[in-house]
Amino acid sequence: MLSEEFLEQELLKALPKDRNTDPAGQSLANLIAGISSKKVPVNSFFRVWILGSLQARVAFGYLAYWLRSRFSGAEVKRRLKSEAHLAAALQLFGTMGYLRGAVMKVGQMLANLPEVVPEEFAEVLSALHFEAPPMHYSLVREVFLDEFGREPEELFASFDQQAFAAASLGQVHRARLLSGEEVAVKIQYPGIARTIKNDLRTLRLLLQPLCLTKDWEDTIAKLADIERMLLLETDYTKEADHCRRARAVFSAEDRVVVPEIYNGLSSKRVLTSEYLPGCHINEYLQSSPDQAERDHFTTLLTIATYRLYYRLHWLPADPHPGNFIFMEDGRLGLIDFGCTLVLDEEEWRDSNAAIQAALDRDILALNQAIASACRFNHPDDMEPDHLEVIRQGFYWFMEPWQQEGLFDFGDKAFFLRGIENVIEAARKRYTRSVPMTIWSNRFTFGGRAFCYKLQGRCEFRNIFLRESAWREQDES
Amino acid sequence: MRISEQAKQDNRIRILEKAVDIFTTKGFDATTTRDIALAAGLATGTLFNYFPSKETLAMTMVTEAFRQGREDFQRRRTGDEDLAEELFLFIASGLRRLRPLRTFLGPVLERSLSPFPRKSVCQEGEAARQGHLNAVQGIIAGHGFAEAPDYVAMTMYWSLYLGILAFWANDTSPNQEETQALIDYATRMFVQIISGGGPGKGGADAE
Ligand SMILES: Nc1ncnc2c1ncn2[C@@H]1O[C@H](COP(=O)(O)OP(=O)(O)OP(=O)(O)O)[C@@H](O)[C@H]1O
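Chains as they are written, first to last, in this note's numbering: chain A, 1 to 476; chain B, 1 to 207.
It should be emphasised that the hints constitute simulated quantities derived from the structure, not laboratory data.
Note that the structure is predicted; figures quoted are calculated from it, not measured.
The reader is advised that the hints may include incorrect statements.
Stated by the list, open to error - Computed beta-carbon distance windows for the label pairs:
1. MET189(B) - THR202(A): 21 to 31 Å
2. ALA7(B) - GLY264(A): 41 to 51 Å
3. SER53(B) - LEU205(A): 14 to 24 Å
4. ARG417(A) - SER173(B): 31 to 41 Å
5. THR237(A) - PRO117(B): 42 to 52 Å
6. THR237(A) - PHE116(B): 40 to 50 Å
7. LYS238(A) - SER173(B): 53 to 63 Å
8. MET189(B) - SER287(A): 41 to 51 Å
9. ARG201(A) - PRO117(B): 40 to 50 Å
10. GLY196(B) - GLN162(A): 22 to 32 Å
11. GLY149(A) - PHE116(B): 30 to 40 Å
Unchecked claim - Rough simulated footprint, nothing fancy, chain A against chain B, three-plus residues with beta-carbon under 8 Å:
12. 79 to 93
13. 177 to 185
C-beta atoms are modelled at their ideal positions from N, C-alpha and C, and glycine is treated no differently.
All chains, please: the whole structure from these sequences, using the hints.
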């Protein structure tokens, strides 16, 4: 197709070239052509959702090229072995059809930001979303027979045969309980969890021996953590459990709602929850809400996240826009606790030590906290510039905490400063860190991007003081 | 002494019940007709009056399950299904009825439904195949095709179906959920084939 060829040329131009040996990028072009002409075997149902896209192919080509540049001529054997591993990993990646969206994103990112290094794929992967194939109603019924021994119409007063929303591993149907309540029923595509589990493990095992950079181990540790978190999403009973606990920390006057879960109609693969009427952010913004309304929802969102953080020690690591519902009556609905990082004692302590040090302007303590987060024993072990860049990022994170009165998350200059810091860290390859930082970054950037889009303000510092105080009272 | 029709019927049912138990615990190949006769309290010779071989015995169970599956399918059909979905419902309903027999069914199906040339064709297997294919033809006819699919299309259908059965007999995933995904895919693919390809038909998702 013409347009694809054109696009391929454009993408090729955007890709990095080895200035010494390949100034025109010709060998890269050959490499990509080679990879894109290979056929991918179809091994399982999901693999049919094949990633034939150009961006995916370019991403693969880029990686192969990058790998090649890691080795000198003397290391041909090692290089070939690594290439074989990488090729196998890429082939697998290319057939994980339920990652289609994610692979497109990698391709786009590489086209726009060719400086990125493979370490950052870990970050990209953490933001990925699965896409399950759509299910017709007969398949939904089979899932119900297996999970509950009954058909949906026997279990519900009414059940919509058409899904009203897609979920990452399946889809969501509206229904009404026999007792009258309106509910949302999330149903998982059969076998998708097992397929994902196997594929992710294989992928990590294939990548493990590559040892591409000095921080490769770090990358593999992050991949393992991503695998662990993504697999949490595959068991709806865990999500139900999170939902129940989250629901318990909000009262009616908070105006934040977590839907009630209906146990008898929930299982590993089916999750039935109270239906929250409302809309997502895009639709909400189309109604041209005034500043006061936008501030209201920004306030609720901030209360919600810091309530979860201080009372439950949770990071909602998936602050994706579909998880927030702007309800007609002005309440904020929180759904989807599938991807929630529960901090352990150590992570909780470290996380607060950094915040406290920044609040106290205790630079020594802050440097130490940053060094630990970057997996160094001591700040002196870090290059001074490395320490500085990460510290600037943390100061940016802490700005709202330190400002009295309203903080404006819609301030473009503020938002861009955060993004620039991330890009600088990426360019300089300051990516080594404990796995938790993947989720805390995602939490921070996801949340702030959301509030930026909302153009909302809130009394952040007051909210933080109130929410963190609760913890102290309770523990004394 | 001649035994009554009722007693015959009872014997038949008892043999089938005992056979399921023994096949399930011992496996199909390790079970002898003697084991079954013994469990049913009959002489081996008497057993042969009811079922000439253990293959026939097992295939009788399969045929019965298929019959019930067809009934379930008729009852569960809403009439809103597109062709791929209706075929899915048909196959899934049948497998659900076969499920209690699943653990020992591999060798039975292999012998009775094998598409390869054999010395003696298993009558029950042949009847099951015909019954199944007739039902499929009926389903296809209900979806606006001017004529019945030719033998090539039906042979492909039967190959897909046998593949599904074989996969299902070996499927260790919970509730054979991987088989469900396979049926979903296979039915969409078959509908694409007989509809003349193009994406969008049968709800298949292609770029
Ligand atoms: N209780 C509910 N009330 C209203 N809408 C809901 C409810 N549960 C789910 N939905 C709708 O279904 C969509 C997907 O649900 P959910 O976010 O739980 O799925 P998911 O598998 O976790 O998907 P993702 O990972 O993409 O967020 C939501 O964005 C929302 O539109």
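Practice task
Give me the numbers of the hints this structure contradicts, sorted from smallest to largest.
Solution key: When the structure is compared with the hints, numbers 3, 4, 7 turn out to be violated.
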